[in-house]
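A.B. asks: Going down the list, the sequences are from chains Z and R.
Going by the working numbering, the first residue of the first sequence is number 0, and it counts up by one from there.
Going by the working numbering, the first residue of the second sequence is number 0, and it counts up by one from there.
It is worth saying that the hints were derived from the structure and are not from the lab.
In this text, all values refer to a predicted model and were calculated from it rather than measured experimentally.
It cannot be assumed that every hint is accurate.
Put simply, identical chains are the same to the list, so a pair is met inside one copy or across any two.
[As the list claims (entries may be wrong)] Here are the simulated lysine-lysine pairs, BS3-like style, with alpha carbons at most 27 angstroms apart:
hint, residue 1, residue 2
1, Lys65, Lys86
2, Lys165, Lys1
3, Lys107, Lys338
4, Lys86, Lys53
5, Lys165, Lys338
6, Lys368, Lys204
7, Lys367, Lys65
Now for the letters of each chain:
There are 2 protein chains.
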Amino acid sequence: MKIIVLGGDGFCGWPSALHLSARGHDVMIVDNLSRRRIDMELGVESLTPIASVKERLAAWEACSGKTIHFRCIDIANDYSDLLELIKDFRPEGLVHFAEQRSAPYSMKSSDTKRYTVYNNLVGTQNVLCALVESGVDCPLVHLGTMGVYGYSTAGATIPEGYLTVKMQLDDGQWVEREILYPADPGSVYHMTKTQDQLLFHFYNKNDQLRITDLHQGVVWGTQTEETIRDERLINRFDYDGDYGTVLNRFLMQGAVGYPLTVHGTGGQTRAFIHIQDTVRCIAMALEHPPACGERVRIFNQLTETHRVRDLAKLIARMTEVEIHYLPNPRQEAAENELKVANRCLLDMGLNPTTLDTGLLREVHDIAKKYASRCNKERIPCTSLWISRGNDDRELKKAGVSSS
Amino acid sequence: MKIIVLGGDGFCGWPSALHLSARGHDVMIVDNLSRRRIDMELGVESLTPIASVKERLAAWEACSGKTIHFRCIDIANDYSDLLELIKDFRPEGLVHFAEQRSAPYSMKSSDTKRYTVYNNLVGTQNVLCALVESGVDCPLVHLGTMGVYGYSTAGATIPEGYLTVKMQLDDGQWVEREILYPADPGSVYHMTKTQDQLLFHFYNKNDQLRITDLHQGVVWGTQTEETIRDERLINRFDYDGDYGTVLNRFLMQGAVGYPLTVHGTGGQTRAFIHIQDTVRCIAMALEHPPACGERVRIFNQLTETHRVRDLAKLIARMTEVEIHYLPNPRQEAAENELKVANRCLLDMGLNPTTLDTGLLREVHDIAKKYASRCNKERIPCTSLWISRGNDDRELKKAGVSSS
């Protein structure tokens, strides 16, 4: 299949592009390199040394014999370039990773809030318009987030996208309806993904676009079967307060002997997936697209759930580094349950890479190997959801001190 | 109260600004004059001759003794100007009409789809960011649309924004939850209003912004108590296929002897409100804002519902002009029921201006007075939701011919 990977230079996009190429697909990466630009803006770097796009592609060609094409297009700003590319390349599959993906970054300032909304919504709308305008019948796979659901399971397992409810008719009867799960985003970033869902719903209904939306949990791990083949293919490892996701951040903190920073009580339960499984899920979704006329497919892309403080304790034991409880910058419940359905991808054949100590060790070794590249000043999260006040109270309620 | 009216030069914005000024508020209009620009782009003009902003404001000052301020700011593109204005003027109320408001225009081409998404979402996001960044505690009143609900009542009255449903817990128990009514937009324009709801939900939850979202029906009529005071204050009357709303379009067609153009079977039931009631509702919403910490208030802003073909028959009888049934450019059910709750505004004191023959006659007379300004070539709707095919079949099913 001819596949375009939008955002194919990023943390999920790059290993996905390699995996699709390894599976024999003809892959075209489209990226505006914004993730590298934001690193510069924030004064941080991936813990792992990332080669330039040119070096990455040359290394892949050298070790696999396969060519991945690359076009530097900003899909939010260069609509006509995107349209021409789709008309010329005529993809048979399109993966859309090209969104600003950090919740803390999206809450940093008015500028980053506005950038996130602009980049994510205008970009997604451009992709959908270009598919309609080009007339190319190409299934779209989009990376969503578990965060569209909010984090309040409240006794009911979160379904895959659609929820069966009963509503009352005027004659008093209660009837069943299936609705999109009510959105409850916790950041501007998560909000854009809930707004993407409405874009997908509309373009699916009006133009019969074939769309799969993958609501992913927190990704951990760094390497995949393909990125490990050459050091120049190595994947990003973000550890800074904005882009570092919780488990990778703990692993790196453990590796460099920095106290593990738990936000709030650590009572947040989150869904997790290993990067190796992410790339497999993307391939499965692309290779099994919805039929024409089928509604938007929504899968939950995660393999397990854990409480943040349990992960911290696990890594603390492994690394003998202590845990520091810090005020939570997010506006969220101190503790939450999370039960999530994830049958769809398992039924398609996903064989989960779970969080056993061996795999943790692998990441720990990567973190240790590149520890000298770590800038410890960039570890704390400096984005605040709102002016201080409420979170210290939560810590006190939960009986933990803030340092 | 000091009030900013964003989009205060448009069809609803202008009479609202006058009404608020007449009620003694200190009004500042912010507008980028995009509605006038789109008229030029489409090669159409309001049936009524619209004075320049400068003339309008001078006329209002002359006949009321009150000053309305004006700033030409594009809220989607000029964030810092908007922010500075809010910091300097320190409004106590902000009305947001500054969105592209035509469904047919939003479906005309890739360019107009993209413009509508960009203008409406980036603009609304900028307003919310500017309120948060400025720290000005100012309630926001936004004009939404009945179209966020879709048009399928299916036996249940549409509530005001929130729907009580039952959902099943893992233990088998069904429990009640109140959710935002599931969105089902019928055009890119309507979609942006459903995405606005998610912006409001988030900024209300995260930053405690006080927001009222008014889901308005189809507006008819032209003049209000204030616009009638001087010919230079006259309101817009759109009759073209893109911006002309259904009832005003029929009245104008009747006035110039052009067959009444019914799309599809005319079995669509729509909600209506007279422009005089629109401006009263805006004032009520501003003068009774939500308390701090209250969730987003949603009111349905309509006074009656009618089937399109019944309105066509009414106007046909009044004007002795025949009805033409044309293929429906929209993707929608040929016939729909529509029952809508609208207690909130009635309970606040709205005394509805209903569709009586006297008022219809008045609008018809305005249309007749300016009939010579009508360009009959611009009456048909030329925007198509999708390539032709399905609608002729619907007409045949319903037993009406297409001409």
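A.B. asks: Name the hints, by number, that the structure is in violation of.
C.D. replies: The structure breaks hints 2, 3, 6 and 7; every other hint is satisfied.
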